[in-house]
Amino acid sequence: MTAATLALDVRGLWKIFGPSGRNGANAIVGTPLAQLPPAELRRQTGCLVAVRDISFSVGRNEVFVVMGLSGSGKSTLVRCLTRLVEPTAGTVLLDGEDMGAADARRLRELRRHRFAMVFQNFGLLPHRRVIDNVAYGLEVRGTGRDERHARAREVLDLVGLTGHEDSYPDQLSGGMQQRVGLGRALAVDPEVLFFDEPFSALDPLIRRDMQNEVIRLHREVGKTMVFITHDLHEALRLGDRILIMRDGEMVQLGRPDEVVGAPADDYVRDFVADVPRSHVLTLSWVMRPAASDDPLDGPELPPDMIVRDAARLVLSASAPVRVVRHGELLGVVDSEAILRVIVAEDAGPAADEAVPSQRSSVLGR
Amino acid sequence: MTTVAVAARSSPWWRRIGRPGIVAAILLGWILLGTVLQGRDTLGLPTTDTTALHDRFTAVRDWVDSHRNSSPFFVYFVDGIRDFVGGLTGFLQDLISQASFGRPVPLVGWLGVVALATFGAYAFGNARVAVLTAAGFTSVGLMGLWQESMDTLALTLAAVLLSLVIGIPLGVYVGLSRPVERVVTPVLDAMQAMPTLVYLAPLALFFLIGPPAAVIATLIYAMPPVIRLTSLGVRQVNEASMEASRSLGATRWQILRTVQLPLAKRTIVVGINQTTMAAFSMVMIAALIAGPGLGQVVLRALSALDVGRAFTGGLGIVVLAIVLDRVTTAASERAEATYRASGGRRSENTRRWLLVGGGALTAAAVYLSASYYWASTFPGPTRGGVIGFTIDDAVNAAADWTRLNLHDVTSAITAVVSYGLINPLQALIAESPWYVVCAVVLALSWTLAGARSVIVASVCLSLLLASGLWESAMVTLTSVLVATIIVVVLGVIFGVVLARSPRIDLVVRPVLDAAQVLPAFVYLVPFVGLFGPTRLTAIIAAVVFAAPVVVKIVADGIRAVPSAAVEAGVASGSSRWQVVTKVQLPLSRQAVALAANQGLIYVLSVVVIGGLVGAGALGYLVVAGFSQSELFGKGLTAGIAIVVLGILLDRVTQAAALRAQEREHRLTGDAEHQFDVRSARLHPAPGLPARIPTGRVV
Ligand SMILES: Nc1ncnc2c1ncn2[C@@H]1O[C@H](COP(=O)(O)OP(=O)(O)OP(=O)(O)O)[C@@H](O)[C@H]1O
Ligand SMILES: [Mg+2]
Chain B
1 MTAATLALDV
11 RGLWKIFGPS
21 GRNGANAIVG
31 TPLAQLPPAE
41 LRRQTGCLVA
51 VRDISFSVGR
61 NEVFVVMGLS
71 GSGKSTLVRC
81 LTRLVEPTAG
91 TVLLDGEDMG
101 AADARRLREL
111 RRHRFAMVFQ
121 NFGLLPHRRV
131 IDNVAYGLEV
141 RGTGRDERHA
151 RAREVLDLVG
161 LTGHEDSYPD
171 QLSGGMQQRV
181 GLGRALAVDP
191 EVLFFDEPFS
201 ALDPLIRRDM
211 QNEVIRLHRE
221 VGKTMVFITH
231 DLHEALRLGD
241 RILIMRDGEM
251 VQLGRPDEVV
261 GAPADDYVRD
271 FVADVPRSHV
281 LTLSWVMRPA
291 ASDDPLDGPE
301 LPPDMIVRDA
311 ARLVLSASAP
321 VRVVRHGELL
331 GVVDSEAILR
341 VIVAEDAGPA
351 ADEAVPSQRS
361 SVLGR
Chain U
1 MTTVAVAARS
11 SPWWRRIGRP
21 GIVAAILLGW
31 ILLGTVLQGR
41 DTLGLPTTDT
51 TALHDRFTAV
61 RDWVDSHRNS
71 SPFFVYFVDG
81 IRDFVGGLTG
91 FLQDLISQAS
101 FGRPVPLVGW
111 LGVVALATFG
121 AYAFGNARVA
131 VLTAAGFTSV
141 GLMGLWQESM
151 DTLALTLAAV
161 LLSLVIGIPL
171 GVYVGLSRPV
181 ERVVTPVLDA
191 MQAMPTLVYL
201 APLALFFLIG
211 PPAAVIATLI
221 YAMPPVIRLT
231 SLGVRQVNEA
241 SMEASRSLGA
251 TRWQILRTVQ
261 LPLAKRTIVV
271 GINQTTMAAF
281 SMVMIAALIA
291 GPGLGQVVLR
301 ALSALDVGRA
311 FTGGLGIVVL
321 AIVLDRVTTA
331 ASERAEATYR
341 ASGGRRSENT
351 RRWLLVGGGA
361 LTAAAVYLSA
371 SYYWASTFPG
381 PTRGGVIGFT
391 IDDAVNAAAD
401 WTRLNLHDVT
411 SAITAVVSYG
421 LINPLQALIA
431 ESPWYVVCAV
441 VLALSWTLAG
451 ARSVIVASVC
461 LSLLLASGLW
471 ESAMVTLTSV
481 LVATIIVVVL
491 GVIFGVVLAR
501 SPRIDLVVRP
511 VLDAAQVLPA
521 FVYLVPFVGL
531 FGPTRLTAII
541 AAVVFAAPVV
551 VKIVADGIRA
561 VPSAAVEAGV
571 ASGSSRWQVV
581 TKVQLPLSRQ
591 AVALAANQGL
601 IYVLSVVVIG
611 GLVGAGALGY
621 LVVAGFSQSE
631 LFGKGLTAGI
641 AIVVLGILLD
651 RVTQAAALRA
661 QEREHRLTGD
671 AEHQFDVRSA
681 RLHPAPGLPA
691 RIPTGRVV
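Chains as they are written, first to last, in the working numbering: chain B, 1 to 365; chain U, 1 to 698.
Among the hints, erroneous ones may be present.
Said to hold, decoys possible - Pairs of lysine to aspartate or glutamate residues, derived as DMTMM-like cross-links and limited to a Cα-Cα distance of at most 25 Å, are as follows:
(1) U:Lys265 - B:Glu191
(2) U:Lys582 - U:Glu471
(3) U:Lys265 - U:Asp400
(4) U:Lys265 - U:Asp393
(5) U:Lys582 - U:Glu630
(6) U:Lys265 - B:Asp231
(7) U:Lys582 - U:Glu567
(8) U:Lys265 - U:Glu333
(9) U:Lys265 - B:Glu300
(10) U:Lys265 - U:Glu243
(11) U:Lys265 - B:Glu165
(12) U:Lys265 - B:Asp132
(13) U:Lys265 - U:Glu239
(14) U:Lys582 - U:Asp513
(15) U:Lys265 - U:Asp189
What the hints contain is simulated information worked out from the structure, not anything from laboratory work.
If you're wondering where the values come from, they're calculated on a predicted model, not measured in any experiment.
Full structure from sequences and hints, please.
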């Protein structure tokens, strides 16, 4: 990706919480102290590394997901990007502009026009009606009342809250409240949207609803989105790419199928253990090189086809399916490979070893 | 277990007899020495005699008086403040209470005032309190207390306005800045914890007696609650809302205006309620420095021992206090309800029309009251009003009747308390040599409250000795201790009852809340009627005044006892009495200690005011300082001695309570379910009134 297509470019970002001063939080990066394990560092300096040397970039209109367990530093990372938390070290380029160099006024300017955030706990203003909550960002900018209400009405329509303009936040359900939070962020028409676990306080059905909403909005308005979650399913549904964090460090960065198909370490493997792999993996993850005795008269499929979508064809074909890109034969996929993926997820992660023994019976059909 | 036993065997004798043993030993020694040395070295000083220190204070007063018109400090600074406050107060008085603008009557007459107050009560509160307001205002008029009530109201209003104008911005500032908070909080603590009577003299010295000094004294007392609650409100605002606002690029000012202030509004209104009630009760006491109003009526009647008049005046105070409290409480409930819009469109519309109509009617009433005599001056005789003297007479008759017929009862009570408590304690405290008392106080604070308190105690004792008022201070201390003992015993009994029966609590708690908003002053009145002007009157009034807060603290403490402990007690077959005495009371020891500490401070403020009705000692000296010019210095010293006594009692009991708490934590190892003395003290329950001295005097 070239610099012109990058919405966000993050290099060597650190955030260390703790006392400032000579041995304090801002005197650790770049010294041997920075290499210490967290517990040891804490003992020696009383500081806590919440974000450790993270670099990544986000393309325009990309949905970039940051994932990790509670306390892994996701919220801190996303707040560093907008300087709601001041980073200890590193640079953040937003659309090529150095965020760290912005003074207070410029920072406000950026916050008012270029990006917006949706919060886990909604952060609504309980004393304001829905419409005034949605229009709040515009009010802060100094937009006139009629204009901002007109815009707020448009946005409320977009997030499906028409008719609730005059309610107060505490008269709405959790899902509706988060729609208000979403509307508030959208109302200022930002280039980048930040979501900090926006749906984790909602129950599963509503969460699914809201995820669909985000997918729909992304299709309709096409924003760049940085989305924090600790829910892998959410990450896999929404993310173009996923960054996985542990204890402030980046563990893996890749497409959903990369994360599921080739976990970087046991932490990630645990994370992805109970994902329905057939929903994520593509054929390129399950194919094998064509052997000399393979019949090569089966159907053709592209390598980025999801396993689940290919399953019926592969299982009903009399010969292994050929995976082909631009006329080049990359490999073959047979029923056995497909069943291995599907059976493994039915039996759960613990059944991984059991697969080989089941294979015979499956094949004996 | 073994280690404990070994430690016990090898530890020195004073460890082995334990804390209660040491305390008992100290008391025993005191009784022995006190009996042997009774009457010696008690440092008594006849009322009209003064010491060099007192004379020096009087000389300072004379110096101030003679330089009042020449020193720029007085001419520009002190008089500037005085003129400003006096101007505001005078303006309000001109509006509603005093002949003004070249007219024989105030600008707005009674009809206008009743209409305005009722309309205001409806606009800020609701229809119920509007009716209450109309009835309350009319009834003080009927009692012949119209002008006095209006004076009281004007002074209260002036003090509240100034308190809010200064207090709310200051509170916001305190709420936004931790360093500022750390500086301001101890100052507020001191402002609230000082017995009110004490700072009247210095204020009168600088600002002369009269309405401006009364308003300034009121200001000092009434401002802390609104500062505290405003800062609390600003600080409490949900961090999530503020962060969301910041993330959209709001400036600090925008965050304050659109997020923090609106969300703090409810808490600020509670602060306004507390400030109003504090101002109202302080305006009564400011009668001592010639603050006009109902306080004057009661004060004059009390000193003439006209129980009937004092009762009527007190009744007027009670009526207005209830009106003010209900209206400001309703206002805070409305502030609560506004952003819920739960009333629905329909009732909001009705309300809007009523407001418009009511506004028009009020304007008409104000106009009438400014133009016609009948609407200006309350109907009925100027003195005594329609029913005022009738009440006076009835009460006087009733008082005579009780004195005659209940003589046996009252004298029995007097005898029991006097011979059972006051006299023996007085013999020990005030009639023992000063060095014996000092030694006992130091030894007790060492055992119960630790080494740090010994330092505080010795400083306080030295100051008391230096004041030349040792014996008076000891007499006051005796009354305070007697009242505190009684109030704590009652508090424990009723606290247990309340804590064990939610149904009784439901009925009694509102009564306790209401009792707490009344000025300490009015509690004296009925007991003067029953017991005459004696120190017992002051003690009983103090008990009644302090009882609500003590009962509430004990009840809350007992309720905070973990239910698991109670269940364990019940399960092991304890009787109800055993559960109370063996589980609930021991586990709420800190609450009782805290109640004693708060009780002491409440009691002290009333016992001092009791000086007005014959309780003598320090309180009387303060009052005498106002009336007799040559005793000014002595009165001032007495005021200082009261503060010192208060600090001594407060610090030592507080340290003892904290220490009990720590011991308990060490024993149970469970910090979670404990009643936290410090936080209960610094954050009184919402029902507690403004006058609670929430802080430590430092
Ligand atoms: N203001 C702060 N001061 C000190 N430490 C902080 C602060 N904010 C966060 N931390 C610490 O930084 C670490 C990362 O916290 P962060 O909130 O970023 O985690 P998270 O991944 O968002 O977790 P969650 O899923 O629970 O929201 C945690 O150990 C947290 O205790
Ligand atoms: Mg988080």
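Which hint numbers does the structure go against, in order from smallest to largest?
Violated hints (numbers, rising): 1, 2, 3, 4, 5, 6, 9 and 14; every other hint is consistent with the structure.
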